Amino acid sequence: MAWDGTLTPMPVNENFVSKIQVFEPHRASLPPLIPYLKEFWNRRSFATELARFNDKAEYLDSRLGKVWLVLNPLLLGFIYYLVVTIIRPGGSLPGLTRLDHLLIGLFTFYFAQNCVTAGALSITMGGRLILNQAFPRALLPFSCAIQAFQQFLPTIPVYIFVLLVGKWAYPTTQVPGWTWNFLWIPFILICTGLTGFGLALVFATLNVYFRDTNKLLTYITRIWMYLSPVLWLPNSLRGNMKVLLYINPLGPVLNATSRVWVSGESLNNSTILWCIFWAVASIMVGGYFFISRERDFAIRI
Amino acid sequence: MPQDLAIRIEDLSITYKVSLEAKRTLKNAVMRASLKQKERTRTIEAVKNLTLDIPHGSVLGIVGSNGAGKSTLMRSIAGILSPTEGRIIVNGKISTLLALGVGFNPALSGRDNIVLGGLASGLNMEEISNKTDEIADFAALPDGFIDLPVRTYSSGMYGRLSFAVAVSMTPDILLLDEALSAGDAAFKEKSFERMRQLCAEARTILIVSHALATVTDLCDIAIWMHKGALVAKGKPEEIVDGYLKFLNVGSLPSNYEDM
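If you're matching them up, the sequences are chains A and B in order.
Residue numbers for the first sequence follow my numbering, so the first one is 1 and each next one is one higher.
Residue numbers for the second sequence follow my numbering, so the first one is 1 and each next one is one higher.
No lab work stands behind these hints, which were simulated from the structure alone.
None of the values given here were measured: they were computed from a predicted structure.
Wrong hints could be hidden among the right ones.
[To be verified] Distance condition first, Cα-Cα at most 25 Å in a straight line; then the derived BS3-like pairs of lysine-lysine:
1. 56(A) / 245(B)
2. 38(B) / 27(B)
3. 38(B) / 17(B)
4. 17(B) / 48(B)
5. 38(B) / 93(B)
6. 245(B) / 38(A)
7. 19(A) / 93(B)
8. 48(B) / 227(B)
9. 131(B) / 188(B)
10. 227(B) / 17(B)
11. 19(A) / 131(B)
12. 56(A) / 66(A)
13. 131(B) / 190(B)
14. 190(B) / 215(A)
15. 48(B) / 36(B)
[What the hints assert, rightly or not] Some chain A residues flagged as far from chain B (calculated, every beta-carbon gap over 12 Å):
16. 59
17. 70
18. 71
19. 190
20. 206
21. 240
22. 264
23. 267
24. 272
[Stated by the list, open to error] Stretches of chain A that chain B covers, calculated by requiring three or more beta carbons in the stretch to come under 8 Å of a beta carbon on chain B:
25. 19-25
26. 112-118
27. 121-131
28. 151-164
All C-beta atoms, glycine included, are put in the ideal place defined by N, C-alpha and C.
Isolated chain A (complex conformation) (with noise of 0.2 Å):
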């Protein structure tokens, strides 16, 4: 039984390129951050053609088809307009510049929503594809993240279509015409998806370890949304209530968006500043607990 250690001559592969990777064993460390981003950025198309292919996945059994990426928004808004407009009736705002505020905020919400609850989940229901390819794990709620803004794009229409219909209806109310302070909104959304895919990343492992963090994410984003100036304005908080603006990682960004979308106004410093540091402390504390966690969840899920 035992081998005599000898081999037949080997052939020659000619495309052979030496590629030398060393697994060894690790202790909730990162591993070296420059392969990984590498790898990260290799494969980023990965990332962009499953969001592509899920979110077609997702309406072929729909007779509406793409056209519920247009009712889904045009259906939530109207729902929480009533809900405001009930609760609050006679408020101080008129009514268009409410509905306004509560589109965009609301898309802008659900846009950041959707890459934290289904980032959450892409880890545990990826179980074949983590158990049996090896690539960065982090693709899995980046692809999350992606989808999530291909389905936040067509409310953007949605919402100029109301808007314009709404100037129309109501021609006394003030809505902004075109300025170049909505160069900020690329600015905004970019801060809101680095914000959304970093907390994605926190409860995608937490949902490794604990499977019931995905239910309480159900709860959890519902408080969050009250908590953040989408259903109420920024302006209208007083004293001590000013700090949920910034407690509150899409505090800055829903704050921001209320400026510039439905008041047309720049940003200030104090908001600039707040979006950029919810977008970098959530990538950066994100990053940290999930990519120095990834190469236990083979063996956790």
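The hints should help you fit chain B onto chain A, whose structure is shown.
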């Protein structure tokens, strides 16, 4: 590591704990913390002190009963599972076929799944678009099926498409776990042919198989694993003979304790 080696495994052990709780929930964690109890776990020693060198261009067969640690070993070589002790050094680009249809979405067409499966395996978009027709031809799907959702495929068609995606790559090291069982006799012969072609191109191939004829036909080295440990390594015919004797008699070779 010597340049002629594709894989060097040094004193590899992989141990993991399996929770004995039916569900790992936050409620259970809080209850345990309040009662100052530890989570009830069982330690599994999936691979024990395994040392092995695999030269470039060799075709290694791995045999062993269920629970021998074969799949765990494959996953650790692929970088999916981390070693608990020891280390693995891999020289070359790896492709894995450890399960059929990894990355596939049953609602999407075969064509879409070629893209998804290919990207999951590490191909880029350009490589995939160049190979889509070749993959579809290799899978030998009936006319028009390539554009139908894969949930409408028979299990044989599904297996053939998955296999075709995995072997469309030109990796330096290919890890196959029971994948050669996909499809009917004609497709098996085609799979063998592709394997032989990859061997001729000097790819290093590791095959886990319960079909012992596969090991003797395709491999030039074989190892036998039992309960995580390496029992023997050598020529495939000898390893398969020893393994068959073990299956019939139930006793391990006398030198097992020394391995």
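Status of each hint after checking the structure:
Only pairs whose Cα atoms come within 25 Å are accepted, and residue 56(A) paired with residue 245(B) is rejected, the gap being roughly 53 Å. Restraint check for residue 38(B) and residue 27(B): the C-alpha separation of about 14 Å stays at or below 25 Å, so the hint holds. About 13 Å separates the Cα atoms of residue 38(B) and residue 17(B), which keeps this hinted pair within 25 Å; it holds. In summary, the hint linking residue 17(B) to residue 48(B) is supported, as the alpha carbons are separated by about 15 Å, within the 25 Å threshold.
Between residue 38(B) and residue 93(B) the CA atoms are separated by roughly 42 Å; this puts the pair beyond 25 Å, and the hint is violated. With a C-alpha separation of about 49 Å, the suggested pairing of residue 245(B) with residue 38(A) is violated against the 25 Å cut-off. Between residue 19(A) and residue 93(B) the CA atoms are separated by roughly 7 Å; this keeps the pair inside 25 Å, and the hint holds. Distance restraint check for residue 48(B) and residue 227(B): the Cα-Cα separation of roughly 8 Å lies within the 25 Å cut-off, and the hinted pair is therefore satisfied.
Taken as a hint, the residue 131(B) and residue 188(B) pair is honoured in the structure, with Cα atoms around 21 Å apart against an allowance of 25 Å. Proximity of residue 227(B) to residue 17(B) is assessed by CA-CA distance (about 16 Å); at most 25 Å being required, the pair is judged to hold. For a cut-off of 25 Å, the pair hint linking residue 19(A) to residue 131(B) stands: about 24 Å separates their Cα positions. Taken as a hint, the residue 56(A) and residue 66(A) pair is honoured in the structure, with Cα atoms around 8 Å apart against an allowance of 25 Å.
The straight-line distance between the Cα atoms of residue 131(B) and residue 190(B) is roughly 18 Å, inside the 25 Å bound, and the hint therefore holds. Distance check on the hinted pair: residue 190(B) and residue 215(A) sit about 48 Å apart at the alpha-carbon level, beyond 25 Å; violated. Distance hint between residue 48(B) and residue 36(B) is unfulfilled; the C-alpha atoms sit about 32 Å from each other, more than 25 Å. Some Cβ of chain B comes within 12 Å of the Cβ of residue 59(A); the nearest lies about 10 Å off, and the non-interface call is violated.
Non-interface call for residue 70(A) relative to chain B: holds, since the shortest CB-CB distance, roughly 22 Å, exceeds 12 Å. Annotated as non-interface, residue 71(A) keeps its C-beta farther than 12 Å from every C-beta of chain B; the closest such distance is 21 Å. Its beta-carbon lying about 24 Å from the closest one in chain B, residue 190(A) satisfies the requirement of being farther than 12 Å from that chain. Non-interface status of residue 206(A) relative to chain B is broken: a Cβ of that chain comes within 12 Å, the nearest being about 9 Å off.
Residue 240(A), annotated as away from the interface, keeps every beta carbon of chain B farther than 12 Å; the closest lies near 31 Å. Against chain B, the non-interface label of residue 264(A) holds: every CB pair exceeds 12 Å, the least being about 40 Å. The Cβ of residue 267(A) lies farther than 12 Å from every Cβ of chain B, with a closest approach of about 37 Å, so its non-interface assignment holds. A cut-off of 12 Å between C-beta atoms confirms that residue 272(A) is not in contact with chain B; the least separation is 36 Å.
For the segment 19-25 of chain A, the assignment as covered by chain B holds, since 7 residues bring a beta-carbon within under 8 Å of that chain's beta-carbons and 3 suffice. Here the segment 112-118 of chain A counts 0 residues with a CB under 8 Å from a CB of chain B, which misses the bar of 3, and the coverage is violated. Residues of the segment 121-131 of chain A with a Cβ under 8 Å from some Cβ of chain B number 4, which satisfies the need for three, so the listed coverage holds. Check on the segment 151-164 of chain A: 0 of its residues sit with their Cβ under 8 Å from a Cβ of chain B, so the three-residue criterion for coverage is violated.
In this structure, the hints that do not hold are numbers 1, 5, 6, 14, 15, 16, 20, 26 and 28, in rising order.
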